[in-house]
Amino acid sequence: MNTTQIGKISILMIEDDKLDEALVISTLERDGLSFEHTAIQNKQDLHTLLDSRPWDVIVSDYNLPAFSAYEVLDILEANNLDIPCIVISGCLNEETAVTLLKKGAHDFIPKHNLVRLVPAIRREVAEAKNRATKRQVEQALKQKEKLLNNIVGALGEGLAVTDAQGRILFINPEAERLLGWRNNEVSGLNLHRLIHYLKADGSPYPEQDCPVGNYTRQGIPYRTEDEIFIRRDGSFFEVSYVATPIRENDQVIAVVTAFHDISRRKQAERELNESRCRLRELSSFLQSVREEERTRIARELHDELGQALTALKMDLTWLLTRFADDQDEMLVKTDNMITLVDSTVDSMRRISANLRPGLLDDLGLAATAEWLLAEFQERTGVEYTLKISHEEFDFDNVLNTTIFRILQEAVTNVARHAKASRLDVELEDCDERIVLSIKDDGIGLIHQAASANKRKPFGLLGIRERVTSLGGHIDITGQAGQGTKIRVMLPKQVITEPLKEHDKSIAG
Amino acid sequence: MIKVLLVDDHAILREGLKLILADSDDIEVVGEASDGMEALRLMRKLDIHVMVMDMTMPGRSGLELLKQIKSDQPKLPVLILSMHSEEQYAIRAYKAGASGYLTKESASTLLVSAIRKAASGGIFISPASAERMAMEFNSNTSSGDKPPHTLLSDREFQIFKLLADGQGLTEIANRLSVSVKTISTHKTHILQKMQLTTNADLIRYAIKHQLLDMP
Numbered sequence: 001m002n003t004t005q006i007g008k009i010s011i012l013m014i015e016d017d018k019l020d021e022a023l024v025i026s027t028l029e030r031d032g033l034s035f036e037h038t039a040i041q042n043k044q045d046l047h048t049l050l051d052s053r054p055w056d057v058i059v060s061d062y063n064l065p066a067f068s069a070y071e072v073l074d075i076l077e078a079n080n081l082d083i084p085c086i087v088i089s090g091c092l093n094e095e096t097a098v099t100l101l102k103k104g105a106h107d108f109i110p111k112h113n114l115v116r117l118v119p120a121i122r123r124e125v126a127e128a129k130n131r132a133t134k135r136q137v138e139q140a141l142k143q144k145e146k147l148l149n150n151i152v153g154a155l156g157e158g159l160a161v162t163d164a165q166g167r168i169l170f171i172n173p174e175a176e177r178l179l180g181w182r183n184n185e186v187s188g189l190n191l192h193r194l195i196h197y198l199k200a201d202g203s204p205y206p207e208q209d210c211p212v213g214n215y216t217r218q219g220i221p222y223r224t225e226d227e228i229f230i231r232r233d234g235s236f237f238e239v240s241y242v243a244t245p246i247r248e249n250d251q252v253i254a255v256v257t258a259f260h261d262i263s264r265r266k267q268a269e270r271e272l273n274e275s276r277c278r279l280r281e282l283s284s285f286l287q288s289v290r291e292e293e294r295t296r297i298a299r300e301l302h303d304e305l306g307q308a309l310t311a312l313k314m315d316l317t318w319l320l321t322r323f324a325d326d327q328d329e330m331l332v333k334t335d336n337m338i339t340l341v342d343s344t345v346d347s348m349r350r351i352s353a354n355l356r357p358g359l360l361d362d363l364g365l366a367a368t369a370e371w372l373l374a375e376f377q378e379r380t381g382v383e384y385t386l387k388i389s390h391e392e393f394d395f396d397n398v399l400n401t402t403i404f405r406i407l408q409e410a411v412t413n414v415a416r417h418a419k420a421s422r423l424d425v426e427l428e429d430c431d432e433r434i435v436l437s438i439k440d441d442g443i444g445l446i447h448q449a450a451s452a453n454k455r456k457p458f459g460l461l462g463i464r465e466r467v468t469s470l471g472g473h474i475d476i477t478g479q480a481g482q483g484t485k486i487r488v489m490l491p492k493q494v495i496t497e498p499l500k501e502h503d504k505s506i507a508g
Numbered sequence: 001m002i003k004v005l006l007v008d009d010h011a012i013l014r015e016g017l018k019l020i021l022a023d024s025d026d027i028e029v030v031g032e033a034s035d036g037m038e039a040l041r042l043m044r045k046l047d048i049h050v051m052v053m054d055m056t057m058p059g060r061s062g063l064e065l066l067k068q069i070k071s072d073q074p075k076l077p078v079l080i081l082s083m084h085s086e087e088q089y090a091i092r093a094y095k096a097g098a099s100g101y102l103t104k105e106s107a108s109t110l111l112v113s114a115i116r117k118a119a120s121g122g123i124f125i126s127p128a129s130a131e132r133m134a135m136e137f138n139s140n141t142s143s144g145d146k147p148p149h150t151l152l153s154d155r156e157f158q159i160f161k162l163l164a165d166g167q168g169l170t171e172i173a174n175r176l177s178v179s180v181k182t183i184s185t186h187k188t189h190i191l192q193k194m195q196l197t198t199n200a201d202l203i204r205y206a207i208k209h210q211l212l213d214m215p
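So the protein sequences, as listed, match chains A and B.
Read in this note's numbering, the first sequence has 116 at position 116, and its numbers run on one by one without any break.
Read in this note's numbering, the second sequence has 26 at position 26, and its numbers run on one by one without any break.
Heads up, a few of these hints could be off.
Straight line, CA to CA, 30 Å or less: simulated BS3-like cross-link-like pairs of lysine-lysine [said to hold, decoys possible]:
1) A:Lys18 to A:Lys103
2) B:Lys117 to B:Lys67
3) B:Lys75 to B:Lys95
4) A:Lys333 to B:Lys18
5) B:Lys95 to B:Lys117
6) B:Lys181 to A:Lys333
7) A:Lys333 to A:Lys419
8) B:Lys193 to B:Lys18
9) B:Lys161 to A:Lys333
10) B:Lys161 to B:Lys117
11) A:Lys419 to B:Lys208
12) A:Lys43 to A:Lys129
13) B:Lys3 to B:Lys18
14) A:Lys111 to A:Lys129
15) B:Lys18 to B:Lys45
16) A:Lys333 to B:Lys193
17) B:Lys67 to A:Lys387
18) A:Lys492 to B:Lys67
19) B:Lys193 to B:Lys146
20) A:Lys103 to A:Lys8
21) A:Lys43 to A:Lys8
22) B:Lys181 to B:Lys208
23) B:Lys3 to A:Lys333
24) B:Lys45 to B:Lys75
25) A:Lys419 to A:Lys439
26) A:Lys111 to A:Lys18
27) A:Lys129 to A:Lys146
28) B:Lys95 to A:Lys387
29) A:Lys492 to B:Lys95
30) A:Lys439 to A:Lys387
These aren't lab readings, by the way, just hints derived from the structure by calculation.
My request is simple: use the sequences and hints to build the entire structure.
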């Protein structure tokens, strides 16, 4: 016992008999209690003194003319005061004692035998102190809990706490709002079977398949953004949640699931993907329209205009030999006309090939690649090699066009920015796919990116777009000083839904 | 007399070709076709020595048609006439069995000699394309070892250099004190001998072989 810590004990004594008062005090002094006391005789004084300061103990005579110990106890209770009250009485009556004790008196001591008084005071003061401490702790705890409740209640995130078996212990107001259930309706119910019984695709989600249990049993939090929670009314929402185990002594005692509704975000993602998809479709449609248009114009230029010019030249050439000796002027004019027709045919050829080389449609990819690279070498002086796995390399129009345009873009890039002296191109026809590799020994893409004009990224973007829309794959590596390497893989069979894979990778 | 079948879907071009060939006494156009089917029909019906055929025609591609003709009548020389100047076309035409490949605008100068060469069982390759195709076809071509300009007479070579220098017919005529018509005739011969097609070809050739007098 820590009675030594109790300093001077303040005693409020209720006693009308001065002799009795002296008797009690002498007992207290005799038994070595360090105390101070105030004696009163009526209710009025009691109220005044209780209000004026704290008291450690009340020692009350059982029967006073003005009022009784019962009333003292009533006043204490009414004022919510936990002051130990020890009753002293001259007449020993067991029944009275029991009644008083029931009423809240802490001890009952006969006036003629005060031996127990000091021990009783010490004991009761100590216990009252303990009670006070306990009350303080409880109050602090209560305040903390209240704060926690307020936080949990104010949280913009749904919280569901379950025990280790998945039974709901508690859901917070946001969870109530999201799920349509009240906390008191769901406590004790199995959380999975209540709100998690369907997968995102609408198929049943058996509890043993739910990863939450598995993860949390091992003490690992489980998080996902690909599932749904079902509301009370049967509707559902896409959810992002983290289920975190709470452990005590290496035992999972509860799981806290924090979640929020991400339907809107998911919807926005879907719309974004859809719009991306449509853009890609549009771009590929525009691409093919442009290509068709170019093909048509190139062909008409080449065949119709070209043939007409050629026929014109034949006639002019014929005319040239028909002039008489004195028709110099006409002869010179005609000769000039032939030169003009020749240069016009040249321009026509250049324009037509720039639009789309007829080679691609007439002779296929291999011949066009040869031509493109030979032209490139003639124009830039860059040496090239072209390795082709089959002599005649030809696919459907879309693939032919794509591969040619990629090669053309790459070659243009090399000519413009790479400062290369060598270009190696390889076209490989594997069983399922076509592999195009383009390698130069220039300054590398990284340097190019810094020095290139604004058009270049668009060129690369265009290549990527073309490849993606055909379900292919492209790798571009360009370490500074090590040249640029482009590797394109294209499936021969164009996958009908090439966007799915791609979109997944974006989402993931 | 070399009997020739012309195959081209452009009537206007066939007219031009006939005009070119009309000046040669040893060449006669015995038939004309505007598509592959007709060409095959006439080839079987007529007794022809050389077929002159467009590369790109509606329907069957020229190359396909060429392969069919060569499997039908392997000995019939076929000259391919085309709007396409890229040697990829020429290479594939030769591989498919063509006896010659000419661009249409070179017809005025080269067609007659090409037909003669083909009729005699040879392969006609213009020096320009021979050079380009050197990788694929080696020296046994019509170009031989001598560069074509060595075939020119002194007078022709003189005029060739002036033409390559960019001088006009009148200028050259004045300078050499002959008529413009004479120069024009010389020019035609020069182009034919050197198997070149245009003024631009001529200039390119001169630069390539360093035949220009540096001022």
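Hint check:
| no. | hint | in the structure |
| --- | --- | --- |
| 1 | A:Lys18 to A:Lys103 | holds, 27 Å |
| 2 | B:Lys117 to B:Lys67 | holds, 20 Å |
| 3 | B:Lys75 to B:Lys95 | holds, 15 Å |
| 4 | A:Lys333 to B:Lys18 | holds, 24 Å |
| 5 | B:Lys95 to B:Lys117 | holds, 18 Å |
| 6 | B:Lys181 to A:Lys333 | holds, 12 Å |
| 7 | A:Lys333 to A:Lys419 | violated, 46 Å |
| 8 | B:Lys193 to B:Lys18 | holds, 21 Å |
| 9 | B:Lys161 to A:Lys333 | holds, 21 Å |
| 10 | B:Lys161 to B:Lys117 | holds, 28 Å |
| 11 | A:Lys419 to B:Lys208 | holds, 26 Å |
| 12 | A:Lys43 to A:Lys129 | holds, 26 Å |
| 13 | B:Lys3 to B:Lys18 | holds, 12 Å |
| 14 | A:Lys111 to A:Lys129 | holds, 26 Å |
| 15 | B:Lys18 to B:Lys45 | holds, 21 Å |
| 16 | A:Lys333 to B:Lys193 | holds, 24 Å |
| 17 | B:Lys67 to A:Lys387 | holds, 26 Å |
| 18 | A:Lys492 to B:Lys67 | holds, 28 Å |
| 19 | B:Lys193 to B:Lys146 | holds, 12 Å |
| 20 | A:Lys103 to A:Lys8 | holds, 28 Å |
| 21 | A:Lys43 to A:Lys8 | holds, 25 Å |
| 22 | B:Lys181 to B:Lys208 | holds, 28 Å |
| 23 | B:Lys3 to A:Lys333 | violated, 35 Å |
| 24 | B:Lys45 to B:Lys75 | holds, 16 Å |
| 25 | A:Lys419 to A:Lys439 | holds, 13 Å |
| 26 | A:Lys111 to A:Lys18 | holds, 14 Å |
| 27 | A:Lys129 to A:Lys146 | holds, 25 Å |
| 28 | B:Lys95 to A:Lys387 | holds, 20 Å |
| 29 | A:Lys492 to B:Lys95 | holds, 28 Å |
| 30 | A:Lys439 to A:Lys387 | holds, 12 Å |
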